[in-house]
Amino acid sequence: MDQLIQHLVNTAILGGTYALLGIGLTLIFGIMNVVNFTHGALYTVGAYLMYLAVAALGLNFFLALPVAILGGLLFGAAIEILLLRPFRGQDIDTTMLVMIGAGIALQSGTLWIFGGVAKAIPSPFPEAPLQIGPVSVSWLRLFVLGAALALIGLAYALINRTKLGLAMRAAFQDADTAALMGVNVRRIYTATFAMGSALAAAAGALLGPVYVVYPQMGGLAELKAFAIVILGGLGNVTGAAIGGFILALAEELGAGYVSSGYRDAMGFLIIIAVLLYKPTGLFAKAERIG
Amino acid sequence: MTGRFTLTTAILLALAATGARADAIRIGVNEPLTGPFAASGTYVVNGARIAADEINARGGVLGKKIELVVEDNKSNPTEAAAVAEKLITSDKTPVLMGAWGSSLTLAVMPKLADYEVPMLVETSSSGKITTSGNPFVFRISPPSALEAETFAPMVAKLGMKKVDFLVLNNDFGRGAATDFGKMLKDKGVQVGLVEIMDQGAQDMSAQLAKLKASDSDTIMVTSAVDQLVLLFKQMAALGLKKRVITTGGSQNPDQIIAQAGSAADGTMHLTTFLPWIPEKTPDPKATETFIAEWKRRGYEFAGVTESFRGYDGIRAIAHAIERAGKPEPAAIAKAFWSVDFTGLNGPIRFAKSGPAGRESGQSKPDVYLIEIKDGRVVLPTL
Numbered sequence: 001m002d003q004l005i006q007h008l009v010n011t012a013i014l015g016g017t018y019a020l021l022g023i024g025l026t027l028i029f030g031i032m033n034v035v036n037f038t039h040g041a042l043y044t045v046g047a048y049l050m051y052l053a054v055a056a057l058g059l060n061f062f063l064a065l066p067v068a069i070l071g072g073l074l075f076g077a078a079i080e081i082l083l084l085r086p087f088r089g090q091d092i093d094t095t096m097l098v099m100i101g102a103g104i105a106l107q108s109g110t111l112w113i114f115g116g117v118a119k120a121i122p123s124p125f126p127e128a129p130l131q132i133g134p135v136s137v138s139w140l141r142l143f144v145l146g147a148a149l150a151l152i153g154l155a156y157a158l159i160n161r162t163k164l165g166l167a168m169r170a171a172f173q174d175a176d177t178a179a180l181m182g183v184n185v186r187r188i189y190t191a192t193f194a195m196g197s198a199l200a201a202a203a204g205a206l207l208g209p210v211y212v213v214y215p216q217m218g219g220l221a222e223l224k225a226f227a228i229v230i231l232g233g234l235g236n237v238t239g240a241a242i243g244g245f246i247l248a249l250a251e252e253l254g255a256g257y258v259s260s261g262y263r264d265a266m267g268f269l270i271i272i273a274v275l276l277y278k279p280t281g282l283f284a285k286a287e288r289i290g
Numbered sequence: 001m002t003g004r005f006t007l008t009t010a011i012l013l014a015l016a017a018t019g020a021r022a023d024a025i026r027i028g029v030n031e032p033l034t035g036p037f038a039a040s041g042t043y044v045v046n047g048a049r050i051a052a053d054e055i056n057a058r059g060g061v062l063g064k065k066i067e068l069v070v071e072d073n074k075s076n077p078t079e080a081a082a083v084a085e086k087l088i089t090s091d092k093t094p095v096l097m098g099a100w101g102s103s104l105t106l107a108v109m110p111k112l113a114d115y116e117v118p119m120l121v122e123t124s125s126s127g128k129i130t131t132s133g134n135p136f137v138f139r140i141s142p143p144s145a146l147e148a149e150t151f152a153p154m155v156a157k158l159g160m161k162k163v164d165f166l167v168l169n170n171d172f173g174r175g176a177a178t179d180f181g182k183m184l185k186d187k188g189v190q191v192g193l194v195e196i197m198d199q200g201a202q203d204m205s206a207q208l209a210k211l212k213a214s215d216s217d218t219i220m221v222t223s224a225v226d227q228l229v230l231l232f233k234q235m236a237a238l239g240l241k242k243r244v245i246t247t248g249g250s251q252n253p254d255q256i257i258a259q260a261g262s263a264a265d266g267t268m269h270l271t272t273f274l275p276w277i278p279e280k281t282p283d284p285k286a287t288e289t290f291i292a293e294w295k296r297r298g299y300e301f302a303g304v305t306e307s308f309r310g311y312d313g314i315r316a317i318a319h320a321i322e323r324a325g326k327p328e329p330a331a332i333a334k335a336f337w338s339v340d341f342t343g344l345n346g347p348i349r350f351a352k353s354g355p356a357g358r359e360s361g362q363s364k365p366d367v368y369l370i371e372i373k374d375g376r377v378v379l380p381t382l
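Line by line, the protein sequences are chains A and B. Count the first sequence with this note's numbering and you get residues 1 to 290, in order. Count the second sequence with this note's numbering and you get residues 1 to 382, in order.
In case anyone wonders, no lab produced these hints; they're calculated from the structure. Warning: the hint list may mix true and false statements.
Over the 12 Å line for every Cβ pair with chain B, so calculated as not near, a few chain A residues [unchecked claim]:
hint	residue
1	T94
2	G146
3	A157
4	L164
5	L166
6	R169
7	L180
Derived DSS-like pairs: lysine-lysine, alpha-carbon spacing no greater than 25 Å straight-line [to be verified]:
hint	chain 1	residue 1	chain 2	residue 2
8	B	K326	B	K92
9	A	K119	B	K373
10	B	K92	B	K65
11	B	K295	B	K280
12	A	K119	B	K295
Covered stretches of chain B, going by a simulated chain A footprint (3 or more residues, C-beta under 8 Å) [unchecked claim]:
hint	segment
13	197-206
14	220-231
15	259-269
Where a beta carbon is used, it is the ideal one built from N, C-alpha and C, also for glycine.
Given these sequences and hints, build the entire structure.
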């Protein structure tokens, strides 16, 4: 029983960052119809920006976080303007290849600049965990969960409560009609990609201090983000948020009660099941298909 | 006139360059410089370069300089095999050193047999490497069975009753769990859970939650430094306070202290080198020279527990080439059997291991148990 509670606490914390990763990716796919293979690299970039800000520049931890997220936002905007805008209107395969190339370039770039040796980001939280009965949680991880939930809430509010969000949703449903109604679709695309990238960078900046930072860290994160997006339904933000927690739960319980050797396989088993029985994702709505 | 002059110079320079290359004896180095084992592989290569420079400063081998051809196997077995093939066929290196991890080395071994080129194995610890009948393999690191054997007398002194394992999901980790498990059972110690983690995994809290709930007194962990740092931090976060002993010799205790902080306090590690207490090493003078040179080059002290393997590996290869009398694979493979000198962690002499007629060479280095106490490395009092 104690073990189960500990697993559930771990799930909540892991799920928060998974959701962050998934939302960023699903936004970009849903609105722009771009399969973003730079997502993992942007996660890595976020972690390295955090490292630079905290360890190299000596910035305050809590100040460094928005800096890293802002950096991810600018990076994303630059990628959209330089690499995606020239290929607008081309088929999805073309942009996919461009994105794969950009992802490799970004990963090699971090390797070139920072070297292959993993870096640790110091955190201001105490080493001793918070102990509630039989369950222990580190303060850093609690902060990560809180920050992730806040960011998810912020993204949700931005999409559902602001004019920009309304324009994004309009472009998602029908870009041509949205353009006729006076929405600047070009700018919406840049904003969407920048926002998705900022969320990926946020996940990296939050998890960097929890784990260690190295150039290939984005690979597994990207795979998981794709898994979450498929789980939640392509382009479905709420689905991605819930999908993140489902994936975390499957991994925790799978490793805890089935076999730890197959931890990372658990998520993919679920995806195969979802693709077999509910190919549009667990939370897909009828009007979003096609 | 000027044009012809430049052309002639270029040709002469090119000839001089190839001349120099033909004159040097090339040694292939196959190590993980990127990927999860990047830190360790880079240290090994840095150690290897110190050995090469030292040997060249003394006039080289057989009157020729030695030249290291370093290639990155990306911590990936497929790449490790490809790198070996490239070093042998394209760079024509008559002898290799590599490939750090057990799975990486095992992937290279068929290539050695195909091309009949010997390789000195400097780090890998899976038993399979020297028992599968590959006569081109010469290992200076201890296989996990040897590590377990050296550790055996300490089991009772530590009062171990029941042990769980947390190991990497590869030949290195699973091999260690098997060999240490066998030794512990022989000693009457119970073996409980054997938990597995992927080499790239960053979050082990599910495995740790399970280990926390078990009734064992000790967890034996087999992984390399980067993952160990994460593990100790996550253990502290979960309030897991059992005795932890790591195996494999790739822990870089100083890096653990620097990156895991107080989370590493009280952890014990089986290592194969004692740079903290040079006077207790088999060749104190050599140890001090090596550490001084390492520091002079501005490398992190944490790396020496890894880099000494590269240093000893290249020294062993140089001895073999010297004895072979010519830089040819068959002669070097034969000469490895007569190598005999004191390395930084004990004598380097190869004993036969594996099926008769196709034996691999295995040297028997020292193994030490160290403890991290208040951010320092100490020898535990048993």
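We went through each hint and held it up to the structure:
Distance to chain B confirms T94 (chain A) as a non-interface residue, since its nearest Cβ pair spans about 29 Å, more than 12 Å. For G146 (chain A), the shortest C-beta to C-beta distance to chain B comes to about 16 Å, beyond the 12 Å cut-off, and the non-interface label holds. Taking the minimum C-beta to C-beta distance to chain B, about 29 Å, the non-interface status of A157 (chain A) holds against the 12 Å cut. With 12 Å as the threshold on Cβ separation, the claim that L164 (chain A) sits away from chain B holds: the shortest Cβ distance comes to roughly 34 Å.
Residue placement check: L166 (chain A) keeps its beta carbon more than 12 Å from all beta carbons of chain B (closest about 37 Å). Interface exclusion of R169 (chain A) from chain B stands, the closest Cβ pair being 34 Å apart, more than 12 Å. For L180 (chain A), the non-interface assignment is confirmed: its Cβ lies about 47 Å from the closest Cβ of chain B, beyond the 12 Å cut-off. Taken as a hint, the K326 (chain B) and K92 (chain B) pair is honoured in the structure, with Cα atoms around 14 Å apart against an allowance of 25 Å.
A hinted pair counts as satisfied when its Cα atoms are at most 25 Å apart, and K119 (chain A) with K373 (chain B) qualifies at roughly 23 Å. Simply put, K92 (chain B) and K65 (chain B) have alpha-carbon atoms about 16 Å apart, close enough for the 25 Å limit, and the pair holds. At most 25 Å may separate the alpha-carbon atoms for a hinted pair to count; K295 (chain B) and K280 (chain B) meet this at roughly 20 Å. Distance hint between K119 (chain A) and K295 (chain B) is fulfilled; the C-alpha atoms sit about 20 Å from each other, no more than 25 Å.
Counting residues of the segment 197-206 of chain B whose beta carbon lies closer than 8 Å to any beta carbon of chain A gives 8, which meets the minimum of three for the stated coverage. For a cut-off of 8 Å, the count of residues in the segment 220-231 of chain B with a CB near a CB of chain A stands at 3, and the three-residue condition holds. Three residues within the 8 Å Cβ limit are the bar, and the segment 259-269 of chain B against chain A gives 4, so the coverage statement holds.
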